[in-house]
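Work from the hints to combine the two standalone chains into their complex.
One-letter residues, chain by chain:
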Amino acid sequence: MLLAILSGFLLATVAPAVHRQTGMNSGWVLAILPAALFLYFLSFLPAVGSGESIVISYPWVPGLDIQLSFLVDGLSLLFALLISGIGFFIVAYAGRYLEGHKDLGRFYVLILSFMASMLGLVLSDNLISLFVFWELTSITSYLLIGFNHEDATARRSALQGLFVTVGGGLALLTGLVMMAVVTGSYELSEILSSGDALRDHGWYVAIVLLVLLGCFTKSAQVPFHFWLPRAMAAPTPVSAYLHSATMVKAGVYLMARLNPSLGATDLWLILLGVFGALTMFTGVFMSIRSTGVKQVLAYSTVMALGTLTMLIGVGTDTAIMAAMAFLLAHSLYKGALFLIAGILDHEAGCKDFLQTGGLRHALPITATFAAIAALSLGGVIPMFGFVAKELLFEAVLEAPSLSGLLSLLTVASAILVVAVAAVVGIKPYWGPRVETPKTPHHEAPPAMLAGPAVLASLGLLFGVGVAMVDRGLLSAAAGAVYGSPVETYLSLWHGFNLPLMLSLLSLVLGLTIYFNWDRFRTATGFMDDLKRFGPERAYDKSMDGLVSISEWQTRVLQNGYLRYYLLTILLSTVALVTFSIARAGGLEIQMSLAGVRIQELAIVAVLLLAALVSVTTSSRLGAVASLGAVGFSVALIYVLFSAADVGITQVLVETLTVIMLVLVLFRLPGFLGLTPQALRIRDAVVALAFGVMVALLSLAASSTRFADSISEYFIRESEPSGFGRNIVNVILVDFRALDTLGEIVVLALAAVGVYAMIKLRAEDNRK
Amino acid sequence: MTRELNIQSLILRSASQLLLPLLLMFSIFLLLRGHDEPGGGFIAGLVAASAIALHMFAQDIHQAKRVLYADPRDLVGWGLVFGVISGVPAIFKGQAFFTSQWLEFTMPILGKIKVGTPLIFDIGVYLVVVGSVLLILLTLAEAED
Chain A
1 MLLAILSGFL LATVAPAVHR QTGMNSGWVL AILPAALFLY FLSFLPAVGS GESIVISYPW
61 VPGLDIQLSF LVDGLSLLFA LLISGIGFFI VAYAGRYLEG HKDLGRFYVL ILSFMASMLG
121 LVLSDNLISL FVFWELTSIT SYLLIGFNHE DATARRSALQ GLFVTVGGGL ALLTGLVMMA
181 VVTGSYELSE ILSSGDALRD HGWYVAIVLL VLLGCFTKSA QVPFHFWLPR AMAAPTPVSA
241 YLHSATMVKA GVYLMARLNP SLGATDLWLI LLGVFGALTM FTGVFMSIRS TGVKQVLAYS
301 TVMALGTLTM LIGVGTDTAI MAAMAFLLAH SLYKGALFLI AGILDHEAGC KDFLQTGGLR
361 HALPITATFA AIAALSLGGV IPMFGFVAKE LLFEAVLEAP SLSGLLSLLT VASAILVVAV
421 AAVVGIKPYW GPRVETPKTP HHEAPPAMLA GPAVLASLGL LFGVGVAMVD RGLLSAAAGA
481 VYGSPVETYL SLWHGFNLPL MLSLLSLVLG LTIYFNWDRF RTATGFMDDL KRFGPERAYD
541 KSMDGLVSIS EWQTRVLQNG YLRYYLLTIL LSTVALVTFS IARAGGLEIQ MSLAGVRIQE
601 LAIVAVLLLA ALVSVTTSSR LGAVASLGAV GFSVALIYVL FSAADVGITQ VLVETLTVIM
661 LVLVLFRLPG FLGLTPQALR IRDAVVALAF GVMVALLSLA ASSTRFADSI SEYFIRESEP
721 SGFGRNIVNV ILVDFRALDT LGEIVVLALA AVGVYAMIKL RAEDNRK
Chain B
768 MTRELNIQSL ILRSASQLLL PLLLMFSIFL LLRGHDEPGG GFIAGLVAAS AIALHMFAQD
828 IHQAKRVLYA DPRDLVGWGL VFGVISGVPA IFKGQAFFTS QWLEFTMPIL GKIKVGTPLI
888 FDIGVYLVVV GSVLLILLTL AEAED
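Order-wise, the sequence lines are chains A and B.
Oh and the first sequence: position 261 is 261 in this note's numbering, straight run, nothing missing.
Converting from the second sequence to this note's numbering requires adding 767 to each position, the first position being numbered 1.
In isolation and in its complexed conformation, chain B is listed as follows (with noise of 0.2 Å):
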């Protein structure tokens, strides 16, 4: 290759040691939470996707496959894993598929919780973003000329 994808600047370098687990922390946040506020699987996956795509650039593509650990691929069929298997619990109850289930309690410090299927489905399409943004970015950037 003859010229470099990477950006030869300190600051971007040193922030994006920084950014980058800030950033992950803050998709799985919006992960979690999106159910009721602002958020979900779909932008979480799209924050993840752009903190390692940052990382990218900021380092090089072998720092941000590291980051990644999983190969985007696996994650894409993972995902869709998930989202599948999100709908199948309702059969057992003679529902239509896809029919949400949820279970509520109550823990110490973190107070309420709910869990349910569709959480389950947000994973999955968070998993699927990650792995799609991140195959075609990769894919693309290693491409040869």
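If we strip away everything but chain A, and leave its shape as in the complex, we get (with noise of 0.2 Å):
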């Protein structure tokens, strides 16, 4: 399993050299791991169809009780599936549509990590690999869509995407982590086992809340709906394959993950629904009033995460069946048509509707998938999307409330999906030859066909032979949504009903505003002035101020000025340090001048002086030479007190010291007192501020003991264990020598530290 998922990391690392070796058939040779992952997942449907659920473990970080486990029930290996078997079509397709990218090789790298990434996500058993997992498909997906870097815009919507959900992310991450506490576990089987202990819980609202937000920022629910259609930004495969049939699902998988622990309340129910329906309407509304080919079908994918939100929302096990019904019909026709709208712009140049007619000669197979699959969409007898459109209206009409908006929003949108279906479907093939930007002279080859031919048929297959997938995949994915098994199976004919009639009525008027499409936009062109409001006006708003802020703390804090620099150290220090000992109730210090020797009190006094001297004197290398003094007077007194080895790294390291400073100083311009009175008081005040709380810190610390002082035990295990006499080299280099590693990383980071800042400089200035 571990393998599995991690394989497509692997293949990711060697895909360029692969695609080197490989040229034009690249796409295939990569696509046999999607291929093979799908039949290994496949293998799994047996066991997982009769109900069962796999745990695999491995441990991963065991101090921290994280462990790499995986969850194999009928929601993730449905997903499983999906990934695994749409990525099969999406890499053989891109290796002749990208054909000739310079950068095709970068491309399968991301999409196979991708894809890899998306797999951990869905089939993780963990919280936090799930999180790493969700993060991963962001990131990439920011690769992906910003693909064709050199492109503004491209870059532009690439941070959009990556900041709203990773934004979300971050709340995610909080409702996760919240999650684990209550429930005492991190692992999702045994937190969906838990019943009732998240919703009786006092943080039951801000856990929904946080999940929520991370769900609706991935899943481009309203108000965040505005990155998805940008994100078509990236090349059509990957458009595709994460922005239609598996990223942005993600927020929808761990909504019906989560639905057995966190579902079934009146919160629930209205934040899912409410959101869910808004977003499902305002989709569908936007993708009949857009005209780009990506972009309808962009719009048409947000009304379909909206539909699968309000349905989990609605949570009745009809309401469950349908969701999983919708969500593998959706992934099959949108898949299809989406690498339908790449075939149109790779063959006739087409990016926009208005630019499509009458291709239906030029390539005749596309087109007769391309009506295949928006039969699908469009919910028409005998396709699978039929199916699923029955039984969502049957959810929405028997919801445990809220019945009356859902269901009219839903039959709303039912009538506008009909309209985009058919402009989908019949626009660019029949009707009058309209003139392409490229005329097309054949069919689009083997390899873009194969992924639309295969999804749109088994949105046909799975239509007319419904049994195939209710009775294994279907249920078993509705059961562990809706936490027991469910009683509902699919049928194609449920007889003269309530959704029967309103499905009728929702074609023929969907139809009806198809062939007066222009009409339409025209009359509800006063929506455009409404964008002014939109959320995407709010987030360039808060984009640019995080932008002032940031420019602004960095004008404040990252000055340029050491003097404020050290101040600003200097304060907070002393600030928190104060802080820490008040709420602690103060400091405990002992202090006794009995045993103190006369040649110690002479020391102390040099150094007293010379430390009056360096602040008072006007010279710098008065200074420096009494600061070099005090060095000195403290190596006397680790003489005094017996400790060589340290007295003469101090008298050394006081050379040295001085020596740099006498570098540096000879290249100063001549000392001048130009600071005014006031600041010269005002330093004054921090340096003594500073000076006094790490003197009484001294002396705190060594008059408060917690445990035994571990120098005994070095004393007596120095020869033993350390072969040596002299304790503190044993301890350098034995007892402590990872630190003492640690310590020469520091000075040789330092020292190239020095070495660029001056070198650099004197670059910059010979420019």
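What the hints contain is simulated information worked out from the structure, not anything from laboratory work.
Heads up, none of these hints are tricks.
Label pairs and their computed distance ranges (CB to CB):
| no. | chain 1 | residue 1 | chain 2 | residue 2 | range |
| --- | --- | --- | --- | --- | --- |
| 1 | A | G105 | B | G844 | 27 to 35 Å |
| 2 | B | V855 | A | A197 | 44 to 52 Å |
| 3 | B | V855 | A | D544 | 52 to 60 Å |
| 4 | A | R471 | B | V855 | 55 to 63 Å |
| 5 | A | E743 | B | A837 | 17 to 25 Å |
Sample of chain B residues at the chain A side, in silico, Cβ under 7 Å:
| no. | residue |
| --- | --- |
| 6 | G801 |
| 7 | D803 |
| 8 | G807 |
| 9 | F865 |
| 10 | W869 |
| 11 | V892 |
| 12 | A908 |
Yeah, the Cβ is synthetic: ideal placement off N, Cα and C, and Gly gets one too.
Structure below.
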């Protein structure tokens, strides 16, 4: 299992090399992996279909109770099959679609890494690994949207998608950790069997809000839907895969996954129901208002995501079954339609539906499969989309509450969906031939037709033979979401009932809208004005705000003046330490001057005098020299207390410090007392405060003992286990060798830092 | 450069010619005996660096670099390498990283000799200290106004 998930990452590392070796067939070669994974996951179907859920666990960070554990049940298996199955067609398709693109090798790296992350996300049983894979999909999505990184729009869109999803991800992480704290486990399988533990806890509302924030941003729910149409800047295979069939459904996946633990409350129903329904309607409305091929499809994806969210919110067994059926139907037809959009662009250069028409003679196969996929999108009998839509109507009509609102929005959306389906299925291929930017000379190559053909045909096959999917996979998936086995089964024909009437109504009205498409768009033109108040404006504003805040804080904190840095560091240290001491109830200091020898007193006198001279002298060299005197006096104290090694080190370091200071001072201009009196007093106060604090801390440290001193151990063990009589050295190179290694690394970095600073500045000056 | 770094003192120049080898030998002595008597890689490294710094002031930068022979940046790198590999042998014995390994044997004239991974580690410390200090000193001394 671990290998199955990581294999995508492993193959990604060698993908560019494979691409160089196999050239134009690289798509087919690399597609072997998703195909193999699909078969591997298919082998779980018999067990999972009979209601089993399988947990596979590997230790990862045992100390923190983080395991790499994977959960295979109906829900995760459905997703895993979609991801690997569609992944196969996408990789094969991309090989031809991006043929000759200079970065095709890099594309494979990203798309395979994405596939692996997405598989990890849906199969993870551990919340932490789920979150890591969740973020990995955001990052690979960012890189894929910005694949054409020389285009400013693509970069902007990529960043927007990243900020929105990763911002939500932060909320999600908080929510997941809170869930783990409440239930006492990071394992999904244990959380899901914790009953009402989450629902009855005081944190329930906070957890739901945080988790949903993560899911809504990822799955482009209103008001975060705006990033998804922008993400269409990505190459079409990416849009088909990430922004339609898989990644955007991650939010839906998580809501479905947590439904047994978080769902079935009024809060859940209202949040998911209302936001889902609004997203559904907004999506389809924006879709029919758009004319760009990928924009229409992107907004209709927003519609689908809204529908799924709403159905999970409704939460009845019919609704959950409808959600699973709709999920499968949508992945099949939307994957096909996106790939067909890529063919339109690739063969005829069409990026806008208004530029298309009458292409059925030039692209007969494409036209056929576009029609089949569009029929499924429109929910026409006998497609699988029809089965899903009938169940959707049934679910909202029977919803425990909000039924009126949800039904109204669902019917309105269904009408518009039919119009959208007509636009994507009829407009480009029928009617008079419209002059396209490129004249298609031939049908698309097999690698590009395979995906749309198989995905669209499956939509038909599952519709006619609905029993193929329902008893095994879909009812297992619905059972996992519902929390107990579901009794609803799918069927193509429900008899003459209300849902069928609504279907017919939406078909008629939808086609009417399609034939008056231009008029409809003009009539609703006023909606464009609303964009100024839309959430994208809010996003832009907050981005501008973020930039100005960081500019401001950089100006204030990173001002380039050493004196202010020092001031900030010293003052914050004093403030924080004083605060901690005050909270701990003050310091305990025991001090006695008994037993102080005369030579010690003499050294202290020299120390004090030297320190005084260093702050009052008006010569730099004088200050350096007296600081040196302070250092040598300290070395003497070490020697008096028989720490010879430390004393020697102090002397040597003191010497070298003076040499370095001299080398620096050597270059400074003459010393001038320009600082005003007030500033000098301020500096004196800060310095005194810091000095007093350090002095008090040292005194307190030497009079407080939490545990027995470790020195005894070192003195005792130095010779037998360290093979050395010099205890200081034995500690440095043996007992505490790892610390010393850290210290010499710091020393090396400091030297390199000084070197870089001076050399680079010299090079700048030379220019 | 308008001002010269080196000090035009005949006594210092002549003395540094004599002092340099003595100080370098002393630093090696400190390094090797460090495990039992005052000394060790850190102190020895500081002594060696001071010796070369003295040479730099008494003669000039080029002389100092010639005496050092290696690029100080390389010394830093090698020092870190020594530091890390000294921890490795313990792994092969199934012990924790950095567990010290010692060999003890008797040689004619020199008597009992013990060699162990802490010595390799100390050599690493020595190289890093010499390299870092001299990298900073030489860079500062060479910097243009």
